[in-house]
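A.B. asks: Here is what each chain is made of, one letter per residue.
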Amino acid sequence: MPKPSDQDLLQRIRDGDKRAFRELVERYKNVSFSLACSIVKDEQRAEDVLQDAFVKVFKHLASFREGARFSTWLYRIVVNAAYTAIEKEQRHRSRQEEPSAQFMPIEEESIFTKLQQYERKKLIQAVFKKMKEEEALLLRLYYLAELSVKEIQETTGFSASKIKVGLHRARKSMLAHLRREMGDELKHLI
Amino acid sequence: MKEDNIKRLVQESELEPSEDFMMKLMVAVEQQPEKGRDFRWIFLLALLSFLALAGCVLALIRRLIEQGEIKGVPIDLSPIAMRVGFIILVLLIGHKLLLLGQKIQAIRPLTTFSQE
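Read top to bottom, the protein sequences are chains Y and E. Using our numbering, count along the first sequence one by one with no gaps and you end on 376. Using our numbering, count along the second sequence one by one with no gaps and you end on 577.
Simulated from the structure, these hints should not be mistaken for laboratory data. Think of the CB as a built atom: it goes at the ideal place given N, C-alpha and C, for glycine as much as any other residue. Warning: the hint list may mix true and false statements.
[Claimed, not checked] Below, in silico cross-link-like pairs of lysine-lysine (DSSO-like), each with a Cα-Cα straight-line distance of 27 angstroms or less:
no.: 1; chain 1: Y; residue 1: 348; chain 2: E; residue 2: 564
no.: 2; chain 1: Y; residue 1: 318; chain 2: E; residue 2: 463
no.: 3; chain 1: Y; residue 1: 307; chain 2: Y; residue 2: 358
[Claimed, not checked] Computed list of chain Y residues with no C-beta within reach of chain E, every gap over 10 angstroms:
no.: 4; residue: 233
no.: 5; residue: 278
no.: 6; residue: 334
Make the full structure from the sequences, and use the hints.
C.D. replies: Set out below in structure tokens:
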């Protein structure tokens, strides 16, 4: 049976169908969670952000424009919720070091031990956590959520030139981080 | 590095929320207070106003056709022009009413799930 479209699911949610809401969340939760993690750099906080975002989506479903792309709308809500969470955190945080340096450090061990301990995926995820939030976000919006530059503009409010330059820098930064962690072993990863 | 390789690496960075995320989310959604408003009364009011207006215009046209004047002021309009004008008016307002109905349908309350 073909998967129902987003529009079908949205209509069913408007009619009060709980399962349709679950299905919609299942469809987008991983990408949305990855986007939130790119910004807040902490999985527990990213989960809170994601929950806020989906509750907002549910509450404001009526204001969603028919014919617009749901994913772009959702990702915009997730990105805004994540930046709001960071601002709140910064207002309340005492002057301590950045949290990004606190979690999931990649230990100074040999490459083989690293690859044994953390799977390849974990290593890449750790690299993303070390990257600047804007760079990680742009890479994930472009390659993971597969949005166009125009859609990223709608989602983030950045200008097209900022997105293009940001993507270029983000690619270089990701490779630099990978190279730093893996050295010559990088060529085996790619 | 090739674009495909970068894409593959980024896709491998995809993360998953914890297993109980969905349960927590559904609880949070269910706990949302009833906030939506029902605007159907606006549509009903508009419909009644429209019917009243149409009735008045129809009565006015009949009177003009029969007497050719209103309070002693002669109005020289052909009955066909008046009827055509009336139909255009009805279609125009009817179309606006239809759009209003659709808008109201779209913003009806959405705060609880009725189906499991």
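A.B. asks: Which numbered hints turn out to be false for this structure?
C.D. replies: 1 and 4
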